[in-house]
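Asker: Sequence:
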Amino acid sequence: MTLPPPKLILESLQTDILPAAGAGALVMCAFLLLGRWAGALGSAAAVVVAFLAANFTLDKLDFEEEPTWAKTWRLVPWKPAEEAPGWHWLPRAGLLLVAVGVVSRWIGLLAARKLPERLWWGANLLVWAPRVAAVVIASGWLSSGKAASAPEWASLQYQLAAAMLAVWVALDGVARSDAGAEAAAYQGAIFFAGATLIVYAHSKFFMDFAVILSFALFGIAAAAGIGRGDTSGAVPATVAFLPGLMFAIQPSMETHKVPPVAFWLVALAPLMLLPFLVPALWRRTNDVYVRAGRAALVLAPLVAALVLAAQNETLAFE
Numbered sequence: 001m002t003l004p005p006p007k008l009i010l011e012s013l014q015t016d017i018l019p020a021a022g023a024g025a026l027v028m029c030a031f032l033l034l035g036r037w038a039g040a041l042g043s044a045a046a047v048v049v050a051f052l053a054a055n056f057t058l059d060k061l062d063f064e065e066e067p068t069w070a071k072t073w074r075l076v077p078w079k080p081a082e083e084a085p086g087w088h089w090l091p092r093a094g095l096l097l098v099a100v101g102v103v104s105r106w107i108g109l110l111a112a113r114k115l116p117e118r119l120w121w122g123a124n125l126l127v128w129a130p131r132v133a134a135v136v137i138a139s140g141w142l143s144s145g146k147a148a149s150a151p152e153w154a155s156l157q158y159q160l161a162a163a164m165l166a167v168w169v170a171l172d173g174v175a176r177s178d179a180g181a182e183a184a185a186y187q188g189a190i191f192f193a194g195a196t197l198i199v200y201a202h203s204k205f206f207m208d209f210a211v212i213l214s215f216a217l218f219g220i221a222a223a224a225g226i227g228r229g230d231t232s233g234a235v236p237a238t239v240a241f242l243p244g245l246m247f248a249i250q251p252s253m254e255t256h257k258v259p260p261v262a263f264w265l266v267a268l269a270p271l272m273l274l275p276f277l278v279p280a281l282w283r284r285t286n287d288v289y290v291r292a293g294r295a296a297l298v299l300a301p302l303v304a305a306l307v308l309a310a311q312n313e314t315l316a317f318e
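Quick note on numbering: my numbering labels position 191 of the sequence shown as 191, and the sequence is numbered without any gaps.
Derived by calculation from the structure, the hints in this document are not laboratory data. Since we're looking at a predicted model, the values are computed, not measured. Built from N, CA and C at the ideal position, the CB exists for glycine as well. Among the hints, a few may not be true.
Unchecked claim - The calculated label-pair distances, taken between Cβ atoms and stated as ranges, are:
#, residue 1, residue 2, range
1, Gln-311, Asn-286, 32 to 40 Å
2, Trp-37, Val-288, 34 to 42 Å
3, Leu-115, Thr-255, 50 to 58 Å
4, Leu-58, Ile-9, 22 to 30 Å
5, Pro-275, Leu-58, 43 to 51 Å
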């Protein structure tokens, strides 16, 4: 595979990579100073701040007029306009799921302490019922817009909702274990593979979104690795952006030859972590063989997706 031109790498480093990775790591470290218990909340705040930092710019402001925050976006408006394409809702969908994820987790923890042991399922219901509702709302946002209303995209919302919920279940348990840093690193790797796949689909613009999320999560992973922090708070951002970038952007994409199965392989790569939620494996989180198995299983569909893309399409700069 041909490397991108140096100019493209330097531009991405300045506008996407450094702001996202720096903000993510800094915020996560600040929360971990309070103790490991703050890791979940810290990772949620870190991924939000990282995206805000990378999407912020002053280039659109006209200082001869009254400055307004609405003109400080770089890639996507802070507030979607009427009839905006679904991908304009990515930041709002991510913020909704992050907020619901944090609040539902604390509700579940409180319920687990108050409810008798025989009603353990009640705590899980209080955690996942609002998450399912939030996924339905977010998938509706991401499948909106004129392009997505075409007959060929009639099932887009159902695909998004199913993928988002499955990804959330797969990632949440691993991120809450002692492998929180690794879970964030897996997500970073998945987004990086997604960015490469989107480049094969000839969209540098949408690649920027995936690069931002990738390095935000790498920054969180680095900080969590030092403090052994819980990174489950950042998982809902992946739940929104990963299926969103693989599916919701498709109605707005130009024609390309990358097979749809390649996008599915990247979007559902986190499902390879489901076997590690089995108690016997979950308790062996730090076992070297378990860690190697997790990494290999997550990387396998990503490699397969990029091989398929390379076989069917060429990079724009090749």
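Asker: For each hint given before, does the structure comply? Return the numbers of the non-compliant ones in rising order.
Answerer: Violated hint: only 2; rest satisfied.
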